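2 protein chains.
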Amino acid sequence: MVACQGTEGAYSQKVCDRMFEFADILYMNTFNDVFSAVEKGMCPFGVLPIENSTAGSVTQVYDLMEKHRFHIVKAARQRVDHCLLALPGTQLSDVKEIVSHEQALRQCGAFLAAHPKIRATPMENTAVAAAHAARSGRRDLAVIASRDCAALYGLSVLRDDVCDTGNNFTRFICIAKDLTVYEGANKISLMLSAAHRPGSLYRLMSRIAVQGLNLTKLESRPIPGKDFEFRFFFDIEASIRDASVRALMGQLQAEADQMVFLGNYEEMR
Amino acid sequence: MVACQGTEGAYSQKVCDRMFEFADILYMNTFNDVFSAVEKGMCPFGVLPIENSTAGSVTQVYDLMEKHRFHIVKAARQRVDHCLLALPGTQLSDVKEIVSHEQALRQCGAFLAAHPKIRATPMENTAVAAAHAARSGRRDLAVIASRDCAALYGLSVLRDDVCDTGNNFTRFICIAKDLTVYEGANKISLMLSAAHRPGSLYRLMSRIAVQGLNLTKLESRPIPGKDFEFRFFFDIEASIRDASVRALMGQLQAEADQMVFLGNYEEMR
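Chain order of the listed sequences is A and B. All the letters of the first sequence, read from the start, carry residue numbers 3 to 271 under our numbering. All the letters of the second sequence, read from the start, carry residue numbers 3 to 271 under our numbering.
Looking at chain A on its own, in the form it has when it is part of the complex (with noise of 0.2 Å):
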C-alpha cells in the first residue's frame, strides 16, 4: 500500500505505477498525512513531489522532512503536462476562475499572464482541483491538470498543454520506516545544520568536491525561530556501497552540528 496526496488522476499516481507494479493507493488529504502514514506503519510506503523543473523545490516537502522518521528508497523523475479542464460545453470566453495546485499554477504562469481577468485559486491538488471543478456544475470554472482527469471526472479539454514550457518535469521520492538500498542506489540524500558561522557551508561542501563527487541539489530551508539560520539539504550522486563514500560520511558527521542520512537511490527517468 503506497500513501500518496491528492485523489485518483494525481501526478503521484502516475509515479507509483511507475514505481509498483499493482500500486494499491492510499489517498490523503495532505503532505503531513503521507509521512504519518508512513512513519505509523499506516503504509509501507509513500510517494511525494520534492521538485519541479519550472516551479522549483515543493518547500512544504522539505519543511515535513525535519518533522518525520522516514527514509527515501526510490525516486524518479516524471513529465507533467497540464492542460486546461472544464466541464463540456464551456469555452474558454466563460471561464472567470482557474483551480489548481499552487505550483501547477506557477508553472503555467504564462497562460496565466495572458488572461488577467480569470482569477487563479490555489488548491491542494491538481486532481482534487479537477474533482471539484467536475462537482461544482460551474461553467465559469476551469482547473489546470493532467489529460487522465478530463477522462476521470466527466471534463472536457479547453486547453492542451498549457505550461509555460514543454519541458516540464516533477521529481518525485518514494518514503519508506527504514533504510533499504535497493541494487542501483546512485543517489544519496543528506539533511545538515552547520553553525552559522563564516564559511560553514563552504566547508562541507568542500568535503563533497575533494572526493569528486556531484552535488545535484542544494536546497536551504530556514530554521523557525532563528535568526535566518537554515538547514541544507545534500543530494550526491554517489553510492555508499564505495568504502570512500562511507568514509566521506562520517567526515560530514563530524563537520555539521547534525546530520540526518535521509538514503541512498536511484532516480528513475
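Simulated from the structure, these hints should not be mistaken for laboratory data. Computed from a prediction, not measured in an experiment: that's the story for all the values here. Do not take every clue at face value.
Below, a list of computed lysine-lysine pairs in the DSSO-like style, where the Cα atoms sit at most 30 Å apart [what the hints assert, rightly or not]:
#1 B:Lys42 - A:Lys119
#2 B:Lys179 - B:Lys16
#3 B:Lys98 - B:Lys219
#4 B:Lys16 - A:Lys228
#5 A:Lys228 - A:Lys16
#6 B:Lys69 - A:Lys98
#7 A:Lys219 - B:Lys42
#8 B:Lys228 - A:Lys16
#9 A:Lys69 - A:Lys42
#10 B:Lys69 - A:Lys119
#11 A:Lys69 - B:Lys42
If you want the footprint, here are the derived chain A segments under chain B, 3+ residues with CB under 8 Å [claimed, not checked]:
#12 49-60
#13 221-227
Computed spacing ranges between beta-carbons, pair by pair [unchecked claim]:
#14 A:Ile120 - B:Arg149: 33 to 39 Å
#15 A:Leu28 - B:Arg81: 38 to 44 Å
#16 A:Ile120 - B:Asp244: 49 to 55 Å
#17 A:Leu94 - B:Glu231: 45 to 51 Å
#18 A:Leu94 - B:Leu181: 40 to 46 Å
#19 B:Met3 - A:Gln255: 49 to 55 Å
#20 A:Ile120 - B:Leu28: 22 to 28 Å
#21 B:Arg20 - A:Glu185: 56 to 62 Å
#22 A:Gln255 - B:Leu28: 51 to 57 Å
Yeah, the Cβ is synthetic: ideal placement off N, Cα and C, and Gly gets one too.
Fit chain B to the known structure of chain A by using the hints.
Relative to chain A, chain B alone:
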C-alpha cells in the same frame, strides 16, 4: 514615490516608512507590477519582500529578478507579528475560513493545524486580505494580518500573535533603476548562472571563501525549460569600495556563464 505590492497596512508600508522619511506609496497588485513601475521609470523606488525567517525565500520575487532590469539600493529586516482579525463581534468558534498571504499562512502553520476545520485561503497580500474580510460583512471569515490592519479596516483582534514563533522576520529589498551605492553598504547581491557540470557552483563559492568573505544567502532557482539547471543568487558581506572585492567580482564574472551585479547596499536591522 515608492511602489509596493498590496494596499494600506501591508508590511511593505512599515518598511517604506522606515526607509524613507516621507514615503509617498503607490500600491500595486502584483510583485511584477512593482518591478515594472521601477523599470519603466514610473516610480524611482520599489519595495519587495525577499525572505522570511519561518517560511523561507519569496521565490516569486527571485524568479522576477531575471525578467527585469533593476538594482538593489537598500534593504531592511522587519519584524512580522501576525494577528487574527475579524469583524467586531466575531468569535473564533464562528470562523470557517481564514484569508491571508500564502507566506503568512505558512508562518502561522501551527495555529492553522490546531484548527483543522478552518479553511485557509491564500490571497495576494495580508492587507488586501484584511480589506476583503472587512468588505465581505461575513462573520465566519477571519484574516491573518498586522495589528495595524485592525484599526485601518475596522476589524477586531481575535487573537494576538498567531505566528509559530515570536522571532518572525521578513527581509525586504528596495530597488531602483540605476545602481547607487550608499555610504555604509556592506552587502553585495549577485545573480549567477554556472555550467551544468560537477563542481561549478563549488568553484564559484571557493572564490568567495578564499577571500574570507561570508556568503549570507545562497538561493537556487530552476531555469524554466531546462533539465533542472539553476540560476544562483548570492548575498555576500562585502563592499565594492574594497579593491580585493572588485577583483573577486572580476573573477566570478569570468568563471560564471553569466553574472549580474544586483547591488551593494546596507540592510537596516
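How the hints compare with the structure:
Straight-line distance between C-alpha atoms of B:Lys42 and A:Lys119 comes to about 23 Å, which keeps the hinted pair within the 30 Å bound. A distance of roughly 22 Å separates the Cα atoms of B:Lys179 and B:Lys16; the hinted pair therefore holds under the 30 Å criterion. Restraint check for B:Lys98 and B:Lys219: the C-alpha separation of about 38 Å exceeds 30 Å, so the hint is violated. Distance hint between B:Lys16 and A:Lys228 is fulfilled; the C-alpha atoms sit about 22 Å from each other, no more than 30 Å.
Between the alpha carbons of A:Lys228 and A:Lys16 the distance comes to roughly 39 Å, so the proposed pair goes past 30 Å and is violated. For the hint pairing B:Lys69 with A:Lys98, the CA-to-CA distance comes to about 27 Å; that is within 30 Å, so the pair holds. A C-alpha spacing of about 36 Å is found between A:Lys219 and B:Lys42, which places the hinted pair above 30 Å, so the restraint is violated. For the proposed pair B:Lys228 and A:Lys16, the alpha carbon gap of about 22 Å is at most 30 Å, so the pair holds.
A threshold of 30 Å between alpha carbons decides the hint, and for A:Lys69 with A:Lys42 the separation of about 13 Å falls inside it, so the pair holds. Between B:Lys69 and A:Lys119, the direct Cα distance comes to roughly 22 Å. Compliance with the 30 Å bound is thereby established for this hinted pair. Taken as a hint, the A:Lys69 and B:Lys42 pair is broken in the structure, with Cα atoms around 45 Å apart against an allowance of 30 Å. For the stretch 49-60 of chain A, the proposed coverage by chain B is satisfied: 6 residues have a C-beta within less than 8 Å of a C-beta in that chain, meeting the threshold of three.
With 6 residues carrying a beta carbon less than 8 Å from a beta carbon of chain B, the stretch 221-227 of chain A meets the three-residue requirement, and the given coverage holds. Checked against the hint of 33 to 39 Å, the C-beta distance between A:Ile120 and B:Arg149 comes to roughly 34 Å, which is consistent with it. About 42 Å separates the C-beta atoms of A:Leu28 and B:Arg81, a value consistent with the hinted range of 38 to 44 Å. Checking the proposed 49 to 55 Å range against A:Ile120 and B:Asp244 shows it holds: the Cβ atoms sit about 50 Å from each other.
The hinted window of 45 to 51 Å between A:Leu94 and B:Glu231 is violated, with their beta carbons roughly 33 Å apart. For the pair A:Leu94 and B:Leu181, the supplied restraint of 40 to 46 Å holds, since their beta-carbon distance comes to about 43 Å. The hinted window of 49 to 55 Å between B:Met3 and A:Gln255 holds, with their beta carbons roughly 54 Å apart. The hinted range of 22 to 28 Å is satisfied by A:Ile120 and B:Leu28, whose Cβ atoms lie roughly 25 Å apart.
In this structure the supplied range 56 to 62 Å holds for B:Arg20 paired with A:Glu185, their Cβ-Cβ distance being about 58 Å. Under the hint 51 to 57 Å, the C-beta atoms of A:Gln255 and B:Leu28, about 52 Å apart, fit the expected range.
Figure legend: structure checked against the earlier numbered hints; hints not met, in rising order: 3, 5, 7, 11 and 17.
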